[in-house]
Each structure stands twice: as C-alpha cells, then as structure tokens.
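Q: The chain contents come next:
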Amino acid sequence: MPIKHPNLKLSRLTDALPAWAGDIAVDDLRAVCRQVHDGGGRLVALWGSDVRQCGGGFKLHVVLINETGLVCLNVPLHAEHPNYPDISDIFPAANRMQRAAYDLLGICAQEGHDHRKWLRHGAWRSGSFPLRKDFDAAASRTVEADDYPFVQVEGQGVHEIPVGPVHAGIIEPGHFRFSIIGERVLRLEERLGYVHKGIEKRFERMSLQQGAKLAGRVSGDSTVAYAWAYAMAAEGIAKVTPSNNALWMRALLLERERVANHLGDLGYLGNDVALSFGFAQFWILKEQVLRNNATLFGHRYLMDAIVPGGVAVHLSIEGKHIIEQECDMLEQQVRILRGIYDEHAGVQDRFIGTGVVTPKLAAQLGLCGLAGRASAQAWDARVQFACAPYDKLDVQMATYRNGDVAARVIVRFDELFESLRLQREILARLVSDDAAPVLLERLPANGFGIGMVEGWRGEVMVAIHTDAQGGLARVHPHDPSWQNWPLLEHAIIDNIVPDFPLINKSFNLSYTGQDL
Amino acid sequence: MYQILKQIVKTGIKTETPPQADGSMRLVEQRLQQAILEAFGGALAIRQVDAGSCNGCELEIHAVNNAYYNIEGLGIKFVASPRHADLLLVTGPVSRHMELALKRTYDATPEPKLVVAIGDCACDGGIFGSGDADGSGENYATCGKVSNVIPVDVVVSGCPPAPTAILQGILTAISARK
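Residue numbers (UniProt numbering), protein chains in the order written: chain A, 1 to 516; chain B, 1 to 178.
List time: in silico DSS-like cross-link candidates among lysine-lysine, alpha-carbon distance up to 27 Å:
1) Lys-505(A) / Lys-14(B)
2) Lys-239(A) / Lys-213(A)
3) Lys-392(A) / Lys-320(A)
4) Lys-505(A) / Lys-77(B)
5) Lys-213(A) / Lys-133(A)
6) Lys-14(B) / Lys-320(A)
7) Lys-505(A) / Lys-360(A)
8) Lys-103(B) / Lys-117(A)
9) Lys-103(B) / Lys-113(B)
10) Lys-239(A) / Lys-9(A)
11) Lys-239(A) / Lys-392(A)
12) Lys-77(B) / Lys-14(B)
Just so you know, the hints here were simulated from the structure itself, not pulled from any lab data.
Kindly produce the complete structure, drawing on both the sequences and the hints.
A: So this is what it looks like as structure tokens:
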C-alpha cells in the first residue's frame, strides 16, 4: 500500500500496474498530497468528473505517484459549490491542470493565486463548462474577445517579443511571450490551448472501439503509447489480461515509436545548429523505419495497431527478419552519426550549457520523462512499474545530471540504442500464435481504470470511468507535456532568443496532448 | 569533416521520382492562369499552418522534406511567414481557438494564393467530428473542415496522408486544369 492516511481506504485497481484508488474528503486532500510530496512523490494528473446524474455532485481525481506505485484520490465535491483546496503550492505542476479543470468542468481550486483561464480562450462562454453533462454547446457559443493577462516585466530596456500561435516552422500552434533585454531572455511565458478540440467531450459519445481510435489521436507522435494506456485502463476495468503475444507485440510497437521519434528529433537538433547534414542523415533512417512499419503493420506511425483486449497486427517470420536487419543497420549508422555529433565542435558548442534545468529545479517542479531523466529525475515507468512484458526485459534507464540540450541529446542516443536492444529481445520471445485474439467488446458498468505507459516523451496516462450501462462516462488522457511545458519557461532564462528553437526542440513537447 | 563527407558519399542519392498531379484532389476548379502556375512551378513558397491537428499530419509534412521525397529539389520550400508564401498547407480540424489565427494567416498571404488542406480532419473534421462555422456542429470546440473557414483549392485525405499524397496534392494545386 503506497500511502497511509487514517481517512483513506485504498483498493487495488489493476494487475498490470501497481495502482490503487480511494475516496478522500476534500479537507484531507492537502495532507495526503503533502505526505506524498515529502516522501519524494510526484503529481501525475488532475481532472474532474460530473457525477450529478448519479446522485452526487462533482468529483476531483488526483493521481499521485511514488516509488511503490500510483494512487488515484477521488475527492467528492459539492454540486452547487464544487470547490477544493489549491495544491499548486505543493505540486507546482497542478497550476495549469487546476485551471483547465475549472475551464472545462467548473470545479474551482480555492486560495490559489492564479485563477486565469487556461484551455478556454473565447470559444465558449465564461461560466459554461463543456464537460458538464448538461452543457449546451449552441447556447454557450460566443465570439468573446480573448484577452489574457500576461505577466509584465518592467525596467529600462526591457521589451517583449510575442510569438505565435502560428510559428515559423512546421510546428503546432501556441503563443510564447518573451520579455528580453538585448538578446537575453529575462522571462518566457507560454499560452497554450490553441488546438483544444474537445477530445474529452468527444469520448463521451463513443463506443469502446471508437474511443481507442480517438485515444490514438490525442498526440499523433505518441499514438502507440496512448492506445496502449487506453487499452490498459479498459482491460483493468474488465479484468482481462491480453495474451502474452499481444503484450510482446505492444512493447515492440512502443519501442519502434520511440526509435522513430528519437531519430527525427536527433535530425532536427542537428538542423537547428546549422548542421543540415544531421537532418538529412537521421531522416533517411527514420523514413526506413516508417516504411518498414507500413509494410509490416499497415501504418507508418502504427495508429490503430493496439486495441482493447489485444493487438490488431501480426508479425510473420519474414517480418521478424526485416526488423532484425533494420536494428543492425540502425545500430551501425547511428553509431557513426553519434561520433560525428560528438566530434563536431560547432554542434557541441551550441548543445553544451544551453537551456539548463538543474536537477533541483526539475525535482521541485516535477519534470518527467526524457527531459526529466536528462536532469537526474530517475523515473521510467518501464523500470519502476514494469508492466508486462517489461517485467521480463530489464530496461536500462538513461539518466544524466547536466540538464542542458547536450544531456537531452545524450539521453535520446542512449534510449535509442536501448530500444534497439529491447526490440531484439522482444523478437526472440515473440511467438506467433494463430489463435484469434479475444477483443474487448464492452466494459462493465460503473468501473474505473487507469493505464500508464512510458512513451518516448514520458509517462502517458489514460483514465476511464464507465457509466451505469458500461459506456464511456469520462475519459481523461494525460500527456507528460503538462509537467514539462512549465520547465521550458525556466530552461530559456538567461539564454539568447536564437537558442529558443534549439531548446524547444530538445524538449519537443506536445501541444495537442495538453490542449486536448 | 572527413567523416561527414564519407558518410554523404556512402549514403548516396535517395530521392525518388515525384508523383503526378491528380485532378480528383481538387475541391474547386483551377483559378490561376498558366503563366502564374509556371512561375509557381519554378519556385513555390509554402507556409504550413497547424489549425488543430493531432500532429500526425505534421510528421508526414516533415517527412516530405526528407531525402526520399526531397520537396526542395522540386523548387518548393517551406517559409517562415505567410507574407512570403504562395501556398498555405493547412491541417485540421480547425479548432475554434485557431479560427481567427487561420483567417489572419490567409489574409496575410499575398494574392495569387493557393490553399491545400491536408488530412482527413482537414477534409471533413475526421474523428473529431464535423464542427461547423456557426457552432451547430457535433463538436463545441472545432469548426470542422478547413473549407468552413478559408477557401480551399485541393484536399488530401488520409490519417495521416503519406508523403507522396501530400506532394501530389501540392503539385496538383500548381498544375493546370486538365
């Protein structure tokens, strides 16, 4: 049992993960959060649900993590005054999540000092909340002017550069407000929410299978991680375990997704320091991986390959050989390219010491995933909470302390090689069974499940609540970018503006994953 | 430097033959004169706008720049501002929060201009539902397809469309009507 509190009764959620859930009164929330924080734990996700139709009010859900596992605290809130105490002083990452929970559901963190809107710009009326079951989209329609009070930096010679939402590259939209003096950045403030497309509301009308497709499109570059986390949550509710073969296959797909993304990022990181050779070379390798994906699994990015209950793809003996050859080729080529990056004075000059996040700050603010590991935050769900089949794989975690662009590049290289090793191990154990997969049709009524998978960017979590008919009452996908976006604001301080694209790319966070 | 040159020589040329234009991808008839199209064909500048996608389409638009598809080899390049662009490459669905930014980007693009909508969501709202220009659609947060917000010349379906399809859509937009 990961957390002890006199008023908290936890029940085990799934077998796939060490995860528990329990109700706790709103007055005890802060004490439990404080306890987890003091024990070195982190906040994973925070969202709310509307249970007024079931005779309740609202509910706040807070997922915390410590070295023993995940705990989902369910906090009942009053139907008329759905308020709860602010926890962003304990977990700073809660700030934006709390503001989003207010924008979408109207549950309010009190005593907090930051009550600015976050996901709502001007698309629906203030005071109306899309995730409430009685939300009337037509009546809430508005063309409200979208004003947002950015924090102003004052002083002699200070000026602002507003950037976005439409950026200069092929990149998702968001707004960055730089306060600078000369070339030096004094402060960066992010404003996101531009690609908010009603994903959570959309889930509520969907069948389990449609939901799996949507989960795979919360953030396209992490489609495998989301689809697996969604499937894991559903399987937890239905109390079914996919076949061993399906689990090995999922791990294979997840590692292939990691390899493809790391190759792409390493190419762009070269490009951003004017070594376009790096872009050309790494993207040739990435293209070969994507083409193999298309040949073997029918989709270049592996969308819809994982379904609740199992997988929708199959790998032949010849397919295994293709992947083995690909791994050998990548191993050899990436070693050459790593050597070139390491030896290139111009590249290293731009990488080293740029965009530093110190381990202390990373721990304070809850940095996670790849960027976290580059700042000594040793969390990797494949290692600490190794769900099958990772429990049989002994993943080697890559961590560094420097927290600069160079460290995030090194972590990518190390994880890439580790993923190639893992793929070979998985292939050796993957036995083709021709038995028809047992796919999940429906979920039991009034269930709750959590799935968490270490995607290439960090931990991707999906929570599913089912209604009295077993339909999707509420689905909450959580992207690691929620935790990591605020750190980018710190990483840029005292750097020069032209280094921003490089620092931003070294994190490569998802806009759509947090805008929902 | 020696290592870089050696690697370039060893890698060789990967570029493949580009696809032919496909008139069935057109949403409206070609509006531009042959002379303008010929000028575009020589040096087309593209501004990409993500108006609300899941970033899947962006991955494939990046891929169009890799050595296999080598879009720059055809005289087509991505530029940093709509003011430098001849063609907007837009992914969707158009979120309500991006509606104004997309309209402004369109207005900032000098005439004559072309718009190519990339991906299922840009074509019809896709999995995120058919939003609507006036708020009567299925999804409170989106305007649905790109042509609900700005005029579109060519649409490329797929989730996400393959790089060849994207290239084909762009080439169709700058080809004469056959």
